[in-house]
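Novice: Single-letter residue listing:
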Amino acid sequence: VAVTSDRQRAPIYEGTRIPQPIPTMLRVSQELRETGDVMTVNFGPNHPSTHGVLRLIVDLFGEDVVGLEAVVGYLHTGFEKNMEQKTWWKAITYSPRIDYLSFQNNELVFVLAAEKLLAMEVPEKAQWMRTCLCELNRIHSHLVWLATAALELGAISMFWYCFRERETVLDLFELVAGFRMHTRYFQVGGLAEDIPRGFFPEAHKFVDWFPHALDDYEAMLSRNRIWLERTEGIGLLSADDAIALGQSGPVLRASGVDWDLRKVEPYLAYGTVDFDVPVYPQGDVYARFRVHMDEMLQSNRIVAQCLDRLEAMEGQPWTSDDRKVVLPPREELHTSMESLIHHFKIVTEGYRVPEGEVYVAVESPRGELACYVASDGGPRPWRVKFRAPSFAALEATATCMSDALIADMIAIVGSLDTVMGEVDR
Amino acid sequence: VPALVETVEEHGETTLVVDPARVVEAAMHLRDVEGFNFLSDITAADYLGWGKHGVSGYIGTAAGRDLNTPMTQGYQSLPKPKPKRFAVNYHLLSVSERPRRVRLQVWLDDGEPVPTVVPVWPTADWHEREAFDLMGITFSGHPNLKRILLDDDWEGHPLRKDYPIGGEPVRFSEAE
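Quick mapping for you: the protein sequence lines, in order, are chains R and X. In terms of the numbering used here, the first sequence has 474 at position 374, counting the first letter as 1, and numbering is strictly consecutive. In terms of the numbering used here, the second sequence has 345 at position 21, counting the first letter as 1, and numbering is strictly consecutive.
One or more of the hints may lead you astray.
Here are the simulated EDC-like pairs of lysine to aspartate or glutamate, each with C-alpha atoms no more than 16 Å apart in a straight line [stated by the list, open to error]: (1) LYS404(X) / GLU333(X); (2) LYS404(X) / GLU334(X); (3) LYS408(X) / GLU436(X); (4) LYS216(R) / GLU337(X); (5) LYS216(R) / ASP376(R); (6) LYS181(R) / ASP486(X); (7) LYS424(R) / GLU438(R); (8) LYS216(R) / GLU449(R); (9) LYS408(X) / GLU333(X); (10) LYS190(R) / GLU449(R); (11) LYS485(X) / ASP434(X); (12) LYS406(X) / ASP164(R); (13) LYS216(R) / ASP433(X); (14) LYS363(R) / GLU436(X); (15) LYS216(R) / GLU330(X); (16) LYS376(X) / GLU455(R); (17) LYS424(R) / ASP408(R); (18) LYS363(R) / ASP376(R); (19) LYS305(R) / GLU267(R); (20) LYS485(X) / ASP433(X); (21) LYS376(X) / ASP486(X); (22) LYS376(X) / GLU330(X); (23) LYS485(X) / GLU184(R); (24) LYS408(X) / ASP433(X); (25) LYS406(X) / ASP343(X); (26) LYS305(R) / ASP271(R); (27) LYS470(X) / GLU169(R); (28) LYS404(X) / GLU184(R); (29) LYS305(R) / ASP408(R); (30) LYS445(R) / ASP422(R).
FRET-style restraints, in silico, Cβ to Cβ [said to hold, decoys possible]: (31) ASP308(R) / VAL325(X): 49 to 55 Å; (32) ASP486(X) / GLU163(R): 35 to 41 Å; (33) GLU449(R) / LYS404(X): 18 to 24 Å.
In silico negatives: residues of chain X with every beta carbon more than 12 Å from chain R [as the list claims (entries may be wrong)]: (34) THR331; (35) SER464; (36) GLU479.
Read the hints as simulated data drawn from the structure, not as lab findings. Model, not experiment: these values are computed from the prediction. Cβ atoms here follow ideal geometry from the backbone N, Cα and C, with glycine treated the same way.
Excised from the complex, chain R in its bound form (with noise of 0.2 Å):
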């Protein structure tokens, strides 16, 4: 846990301040109002800096914001409704879209549920595999937070260096599983394919290289001066606000609660490797900044680490063995008339999944991402939900943006790291 600071930073702000009696919504005051000066500005959906289409109807009186009021539901798809449409193993492919740019994660939790009420044995080849991508998708993620998060404060060659790397984060997707994003590379019981033969080298040379792309970004922002004033001091969120406002990630841990789901509910094979967790106290934009960064060299660690594991398993199975929810091998289906008819129920038919309902909750790295699942006991879904945090967090709107100037509404909204794919679902 890294809270190290050679300078001054702002003061932790303790109290409460979640706007009464609606917790999601700044009102103004009757009196206020009565001024006369209060000027009402629709801010999105449409606009470069909601991250989405995010829209904030805000009331402005002068530059300070006296009112707002988020309104989202412009990306609503339906994702959970067509899931419980679908066969288990077909339903996967929606859960990567959810949150596009932590597809992995969003996979990973469906899979997971399913896994849960099945009892399945998962090998650990696959569970190290998935949680080596899961961290490089969450230094993607992050990258692209920081790559609009600054763009959005006119840091615009931030831009250009982050997605340089999320390039080669996107590479190896690509190169694993035949796909850049919506990779649905995991399926119940394992992976969907080994791993490419190819895949260790060039994650080897991605792990090496990142930290020093890190010292870029450091160099750009970390002591900047425009950045430092935009950032310290605003957008102030205390420890007990962020826990009743449901906040979780980075925002959380930005507000100085030590929380974190890889750690206190070890999943797949986080509860082997060796990392931190980056806890800031001051509950602002900068200390949000920072522990995104912090996040994405510890992620880097965890990588390195899971690459060292996976390449001494060359040769292991990467998927269970369980013919009735697993595909048989596709030369199998060649010389063995059982495996033809497996894998003719399962891709009609779907596996049934045993009646329950079953939560499962994972760190994404927007925070608590959970899926409940409920089964009936035949081959569909009978309810998926997911339990967004960028849903979450775009409640703590209002209580971040108490007193805030209408210049600094972009960079807290930026720094609740919200994906409205995910958000609207």
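Chain X: place on chain R using the hints.
Specialist: Then chain X, alone, in the frame of chain R:
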């Protein structure tokens, strides 16, 4: 836990079923006494038509062949019946030295309201609005209960099982 109806342990998860009228009392107890300070999610589920597909070995349903489930020949066994049509699940987490999760569950009929938990966990605001919007659950006492994801003038609640799926009806020019 006050108002407890039933405790279910399944798949390694604990579900506390409580009386919907006294859900706030139970929530307060869980937050202040048991330490579940973090409301992770509120999920509403519709169980209309639960277990109506018949069991394996019989092709189709009592009403005839089920065209909506191609290749499905029913369940291996019938699922356990549910007490009422809707379930509202509150997924709680304790952000503390002793992390643990619990599911608080209430059962409702169509149109039956459940008291809001916004005063207990402020984050419930949007989660309850979402359940209202997509599933039509009424949370009495909610300060701002209106649609969140869909348009304000949308009709129906899409995640209900009786909401029609499928596209817009297409009219072919020759048929007219």
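Novice: Indicate, hint by hint, whether the structure satisfies it.
Specialist: Results for each hint:
1. LYS404(X) / GLU333(X): Measuring from Cα to Cα gives roughly 15 Å; hence the hint holds.
2. LYS404(X) / GLU334(X): With Cα atoms ~13 Å apart, LYS404(X) and GLU334(X) stay inside 16 Å; holds.
3. LYS408(X) / GLU436(X): Cα-Cα ~11 Å, so holds.
4. LYS216(R) / GLU337(X): Status holds; Cα separation ~11 Å.
5. LYS216(R) / ASP376(R): Violated: LYS216(R) and ASP376(R) sit about 28 Å apart, past 16 Å.
6. LYS181(R) / ASP486(X): Holds: LYS181(R) and ASP486(X) sit about 12 Å apart, inside 16 Å.
7. LYS424(R) / GLU438(R): holds, 11 Å
8. LYS216(R) / GLU449(R): Measuring from Cα to Cα gives roughly 21 Å; hence the hint is violated.
9. LYS408(X) / GLU333(X): violated, 20 Å
10. LYS190(R) / GLU449(R): Cα-Cα ~11 Å, so holds.
11. LYS485(X) / ASP434(X): Holds, because 12 Å separates the two Cα atoms, which is no more than 16 Å.
12. LYS406(X) / ASP164(R): Distance ~52 Å between LYS406(X) and ASP164(R) Cα, so the pair is violated.
13. LYS216(R) / ASP433(X): Roughly 29 Å separates the two Cα atoms, so the pair is violated.
14. LYS363(R) / GLU436(X): violated, 41 Å
15. LYS216(R) / GLU330(X): Distance of about 23 Å is beyond 16 Å: violated.
16. LYS376(X) / GLU455(R): holds, 14 Å
17. LYS424(R) / ASP408(R): With a Cα-Cα distance of about 32 Å, the restraint between LYS424(R) and ASP408(R) is violated, given a limit of 16 Å.
18. LYS363(R) / ASP376(R): holds, 9 Å
19. LYS305(R) / GLU267(R): holds, 13 Å
20. LYS485(X) / ASP433(X): Holds, at about 14 Å.
21. LYS376(X) / ASP486(X): holds, 14 Å
22. LYS376(X) / GLU330(X): violated, 25 Å
23. LYS485(X) / GLU184(R): Distance of about 10 Å is within 16 Å: holds.
24. LYS408(X) / ASP433(X): holds, 6 Å
25. LYS406(X) / ASP343(X): Distance of about 15 Å is within 16 Å: holds.
26. LYS305(R) / ASP271(R): Distance of about 12 Å is within 16 Å: holds.
27. LYS470(X) / GLU169(R): holds, 13 Å
28. LYS404(X) / GLU184(R): Status violated; Cα separation ~19 Å.
29. LYS305(R) / ASP408(R): holds, 13 Å
30. LYS445(R) / ASP422(R): Distance of about 14 Å is within 16 Å: holds.
31. ASP308(R) / VAL325(X): 49 to 55 Å: Check passed, 53 Å falls within 49 to 55 Å.
32. ASP486(X) / GLU163(R): 35 to 41 Å: Given range 35 to 41 Å: violated, Cβ gap about 50 Å.
33. GLU449(R) / LYS404(X): 18 to 24 Å: holds, 23 Å
34. THR331: Label holds. Min Cβ-Cβ 15 Å, cutoff 12 Å.
35. SER464: Consistent with the label, SER464(X) stays out of reach of chain R, its closest Cβ about 14 Å off (over 12 Å).
36. GLU479: holds, 15 Å
In this structure, the earlier hints numbered 5, 8, 9, 12, 13, 14, 15, 17, 22, 28, 32 are contradicted, and the remaining ones agree with it.
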